[in-house]
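We have chain A; now place chain B onto it with these hints.
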Amino acid sequence: DAKTTQPPSMDCAEGRAANLPCNHSTISGNEYVYWYRQIHSQGPQYIIHGLKNNETNEMASLIITEDRKSSTLILPHATLRDTAVYYCIGVNSGGSNYKLTFGKGTLLTVNP
Amino acid sequence: GAVVSQHPSWVICKSGTSVKIECRSLDFQATTMFWYRQFPKQSLMLMATSNEGSKATYEQGVEKDKFLINHASLTLSTLTVTSAHPEDSSFYICSAPDRAFVTDTQYFGPGTRLTVL
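Just so you know, the sequences run in chain order A and B.
Quick note, the first sequence lines up with residues -14 to 97 if you use our numbering.
Quick note, the second sequence lines up with residues 2 to 118 if you use our numbering.
This is chain A alone, in the form it adopts within the complex (with noise of 0.2 angstroms):
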């Protein structure tokens, strides 16, 4: 799995969109991206994932560079809720089992 590189803190204001950059340059070709995040003291939420193209759902936007060595992810409107530390995973795709590596993660912190 590509090894992935984020930045270890970052802050946002409340109701601003939250931008958070992810660097992985090993990354293979058939290797998605995946955000999740992990609220203080919670089990890890799952938000986004993709391949090549950019990716919206109700909680998020993933914007993939095309060389695919990078990503952002995007919360468009922050709230306090938002407050946590947020991974971004290479995963190898293909349908098998495979193992989440956890490197540190950003911790967002969203102010009032």
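Incorrect hints may appear among the rest.
[What the hints assert, rightly or not] Within a straight-line C-alpha distance of at most 30 angstroms, the following computed DSS-like cross-link-like pairs (lysine-lysine) qualify:
#, chain 1, residue 1, chain 2, residue 2
1, B, K21, A, K84
2, B, K21, B, K65
3, A, K(-12), B, K65
4, A, K89, B, K42
5, A, K89, B, K21
6, B, K67, A, K89
7, A, K54, B, K67
8, B, K15, B, K67
9, A, K84, B, K56
10, B, K67, B, K56
11, B, K65, A, K37
12, A, K54, A, K84
13, B, K42, B, K15
14, B, K65, A, K89
15, A, K54, B, K15
16, B, K21, B, K42
17, A, K89, A, K(-12)
18, A, K54, B, K42
19, B, K65, B, K42
20, B, K42, A, K(-12)
The set of hints was computed from the structure by calculation and includes no laboratory data.
Just chain B, lined up with the frame of chain A:
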């Protein structure tokens, strides 16, 4: 999305006793589940892969005789911490892939906080 539950949510036990933690997939079947451990201010570390109907696969450095895993059905995996000691105090989290997606998106339980006195 798919729902994974864990029980109990927290447990306190005396040193030397055994503790069982259950992980259930509530609205989907999971032939594979994963167990993670998380110490304070650290990231999740994979402990083992639980396989329905066969032996679990443990990560390097995880004692299989201490952390017993049983995957008795397609919706239930259990982790038993045997002869627990204070250093086993941690946040234990399970996950299960929902094969409704091409890439087996994993869903996580809420975690179990174990405190060994």
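Right, here's what the structure says about each hint:
1. K21(B) to K84(A): 23 angstroms, holds
2. K21(B) to K65(B): 14 angstroms, holds
3. K(-12)(A) to K65(B): 28 angstroms, holds
4. K89(A) to K42(B): Since the Cα atoms of K89(A) and K42(B) sit roughly 9 angstroms apart, the hinted pair holds (cutoff 30 angstroms).
5. K89(A) to K21(B): 28 angstroms, holds
6. K67(B) to K89(A): 27 angstroms, holds
7. K54(A) to K67(B): 41 angstroms, violated
8. K15(B) to K67(B): Distance of about 16 angstroms is within 30 angstroms: holds.
9. K84(A) to K56(B): 17 angstroms, holds
10. K67(B) to K56(B): 14 angstroms, holds
11. K65(B) to K37(A): 39 angstroms, violated
12. K54(A) to K84(A): 21 angstroms, holds
13. K42(B) to K15(B): 24 angstroms, holds
14. K65(B) to K89(A): 26 angstroms, holds
15. K54(A) to K15(B): Cα-Cα ~49 angstroms, so violated.
16. K21(B) to K42(B): Judged against 30 angstroms, a Cα distance of about 24 angstroms means the pair holds.
17. K89(A) to K(-12)(A): Holds, at roughly 12 angstroms.
18. K54(A) to K42(B): 28 angstroms, holds
19. K65(B) to K42(B): With a Cα-Cα distance of about 25 angstroms, the restraint between K65(B) and K42(B) holds, given a limit of 30 angstroms.
20. K42(B) to K(-12)(A): With a Cα-Cα distance of about 21 angstroms, the restraint between K42(B) and K(-12)(A) holds, given a limit of 30 angstroms.
Checked against the numbered hints above, the structure violates hints 7, 11, 15; every other hint is satisfied.
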